[in-house]
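Student: So the protein lines, in turn, are chains A and B. So for the first sequence, the numbering used here puts the first residue at 1; every next one is plus one. So for the second sequence, the numbering used here puts the first residue at 1; every next one is plus one.
Everything labelled a hint here was simulated from the structure, so no lab data went into it. Keep in mind that a hint or two might mislead.
Any copy, or any two copies together, can satisfy a pair, since identical chains are not distinguished.
As the list claims (entries may be wrong) - Capping the alpha-carbon separation at 27 Å, the derived lysine-lysine pairs in BS3-like fashion look like this:
| id | residue 1 | residue 2 |
| --- | --- | --- |
| 1 | K273 | K219 |
| 2 | K161 | K304 |
| 3 | K304 | K291 |
| 4 | K136 | K314 |
| 5 | K304 | K136 |
| 6 | K228 | K161 |
| 7 | K273 | K50 |
| 8 | K219 | K107 |
| 9 | K124 | K136 |
| 10 | K50 | K328 |
| 11 | K107 | K161 |
| 12 | K219 | K304 |
| 13 | K219 | K182 |
| 14 | K228 | K328 |
| 15 | K273 | K328 |
| 16 | K107 | K228 |
| 17 | K50 | K314 |
Bear in mind the structure is a predicted one, so any value in this text is a computation, not a measurement.
There are 2 protein chains.
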Amino acid sequence: MRSWNFTAGPCTLPLEVMEKAQREFLDYEGMGAGVIEISHRSPQFDAVAKGSEKRLRSLMDIPDNYKVIFLQSGGRGEFAAVPLNLMPEGGLADYFVTGHWSRCAYKECDERFGRAVLHECAPKDASGIVSIDYSKMQVTPGASYAYICFNETVNGIEFNKIPDTGDVPLVADMSSDILTQKVDVSKFGAIIFGVQKNVAPAGLVIAIVREDLIGHARKYCPSILDWKVMSEHDSLFNTPCVFSWYMADLVFRWIESIGGVAELERRNAEKSKLLYDFIDSSDFYRNNIAKDSRSRVNVVFNLKDEALNAEFLKEAAARHFIGLKGHKVLGGMRASLYNAMSIEGVKALIEFLRDFERAHA
Amino acid sequence: MRSWNFTAGPCTLPLEVMEKAQREFLDYEGMGAGVIEISHRSPQFDAVAKGSEKRLRSLMDIPDNYKVIFLQSGGRGEFAAVPLNLMPEGGLADYFVTGHWSRCAYKECDERFGRAVLHECAPKDASGIVSIDYSKMQVTPGASYAYICFNETVNGIEFNKIPDTGDVPLVADMSSDILTQKVDVSKFGAIIFGVQKNVAPAGLVIAIVREDLIGHARKYCPSILDWKVMSEHDSLFNTPCVFSWYMADLVFRWIESIGGVAELERRNAEKSKLLYDFIDSSDFYRNNIAKDSRSRVNVVFNLKDEALNAEFLKEAAARHFIGLKGHKVLGGMRASLYNAMSIEGVKALIEFLRDFERAHA
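My request is simple: use the sequences and hints to build the entire structure.
Tutor: Structure, rendered in structure tokens:
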């Protein structure tokens, strides 16, 4: 049987997509070879590359003056690509830090490429509740860009609005909430996301970049991180991660088939409401994120008695739940409710949480 | 049926490996999830990561004072990583260019990171025969490293010995001939290879680096290209390309099962001899690489009447041969005989070549 897979990424993918990929694994479109065994310059793979971009543009309503670039540097690679492409030597940029990953992006820039201005934007109040403070998101004069992580996978914190940075391009890492809700792309200078949460197996990162921000890379920017080089070659400057790209295309088709991003937004709101409502109603579990800052896709929670953590994970495993252990930097538990997680999965999790509470309260 | 797949990469993989991956695609080791759906920090994936490194070390007899680093920048990313890790600001390095990919590596360095000294080492003689000229491989005083591409995939040229660069570390791109023959790793400062020829689907590049060469990266080297950062984190600094890594481990196991690199070396010598002997015996096909410089894994050839190229590819496709078209920069034809290509495949190709010659000579 399939487990209920709440892993934070790499993570569960739609079953239909997994089954299709399995079926045609040895023979893609009658070629007598798998899609991972054919040239990335073949007509068959070209259809994957071009088709996936077209589908993503349609699903996200990406304006024509944005390039969509498929890369294989990982999210961490784009943490370097952002300053390398957008910040001139001696420049500065604002980092609105709300958790682990925006802090990592800040460090990548600050230690290597120039002045990164740190804004701590997710303070904890006296009762231990964390919330996003948008009033702290003030741009510094001369900033090349302002950087945010729209959803903090580790911390379970998500923006519920887009900060206004005026003429300073806003760059957002949306690795964990891309395609989980409608987003107005035109409000951003660049959106970057690793595919390994809502799109495909790890190995691909996609950058959606406003055209006027392309072509300013530093002299020593490696080609594979230079958005101009990569976009001019239609993301085929070097051999891409063909399997992740193919799987992304299958997932984009799956999203189309179920009603697009609007339907996923509806499902994700329902799933997260079910789980947060249960946690809030319980004295046994707790979540310390302010309601208006909670992630819809990464629900972090703690057992009030943390001595029960090991027993909790053991009983969860016995009931076919995997991936509930929180990130090492935060501890506790985390349930990731990405697009491929069904409402049934969330209901099953709540049933387990209730049973565990009854047995151990 | 499976095609006879002579594609230069991504390319054919061992059928047993493909079938195993297909079988367990939805359920890896009873987890109720595919290997692409589980955390890269899970015990199950940790076994893949550690096991694959151990197997590669054993297959290649990698000395203990070398690190093995799994990265996802692609070969092109490592073209930047080499100078970023090995050449100080204002330094220089020697590039012994024998074809397309060593020239690309040269350009990546020369245009971005410092002085790359170009040595043209594959001259063409008056009769049009290309050969590697080892006498031109003289290091420049002060060079941080000397760079070679051990097998030029596009040009069908391969080193048949390791040039002596004295104390200057020799860096080799072995993307297309890694694990196809025994290599004395201790002669190299670093060996880099993309996996998409002999190891796994595209998305992973492996660097084997002598320890004393690690830890000297430039300040602005992106973390994902910094061998020190990546090796200190056991190649799990960021989410790796889990599927390619898993497939690499399966291929390493397959190599062990058939008798190791020595057996592959024997098979590859036999395969390439069969094909070159046929081409040399024919007046209809030709190969213009000197015998001592010919690649054992990428056999480039031309029809003497190039007007027949389209018909050749059409008839090849009808007989289930794919990937025979040469690289766009060179034209002509190319048959890649990587580890997963069987002797039967090569014999079938020769039969087709003979039939086509009979019909069109």
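Student: Hint by hint, note whether the structure agrees.
Tutor: Here is what the structure says about each hint:
With identical chains, the CA atoms of K273 and K219 are never at most 27 Å apart, being 48 Å at best within one copy and 46 Å at best between copies. In this homomeric assembly, K161 and K304 never come within 27 Å of each other (Cα to Cα): the closest approach is 31 Å inside a single copy and 66 Å across copies. Within a single copy, K304 and K291 get their C-alpha atoms as close as 19 Å, which meets the 27 Å cut-off; across copies the closest is 74 Å, which misses it. For the identical chains of this complex, K136 and K314 are neighbours neither inside a copy (42 Å) nor across copies (64 Å), given an alpha-carbon limit of 27 Å.
Proximity of K304 and K136 under a CA criterion of 27 Å is satisfied in neither setting, with 31 Å inside one chain copy and 71 Å between copies. Neither within a single protomer nor between protomers do K228 and K161 lie at most 27 Å apart by alpha-carbon distance, with minima of 30 Å and 39 Å respectively. Taking the shortest alpha-carbon separations for K273 and K50, neither the intra-copy value of 37 Å nor the inter-copy value of 40 Å comes in at or below 27 Å. Taking the shortest alpha-carbon separations for K219 and K107, both the intra-copy value of 21 Å and the inter-copy value of 13 Å come in at or below 27 Å.
Proximity of K124 and K136 under a CA criterion of 27 Å is satisfied intra-copy only: 14 Å inside one chain copy versus 65 Å between copies. In this assembly of identical chains, the alpha carbons of K50 and K328 lie at most 27 Å apart only when taken from different copies (20 Å versus 38 Å within one copy). In this assembly of identical chains, K107 and K161 lie within 27 Å of each other by CA distance solely inside one copy; the values are 25 Å within and 44 Å between copies. Taking the shortest alpha-carbon separations for K219 and K304, neither the intra-copy value of 53 Å nor the inter-copy value of 44 Å comes in at or below 27 Å.
With identical chains, the CA atoms of K219 and K182 are never at most 27 Å apart, being 36 Å at best within one copy and 39 Å at best between copies. In this assembly of identical chains, the alpha carbons of K228 and K328 lie at most 27 Å apart only when taken from different copies (22 Å versus 37 Å within one copy). In this assembly of identical chains, the alpha carbons of K273 and K328 lie at most 27 Å apart only when taken from the same copy (25 Å versus 54 Å across copies). For the identical chains of this complex, K107 and K228 are neighbours both inside a copy (24 Å) and across copies (17 Å), given an alpha-carbon limit of 27 Å.
Taking the closest pair of Cα atoms, K50 and K314 come within 27 Å of each other only across two copies (25 Å); inside a single copy the shortest separation is 45 Å, beyond that limit.
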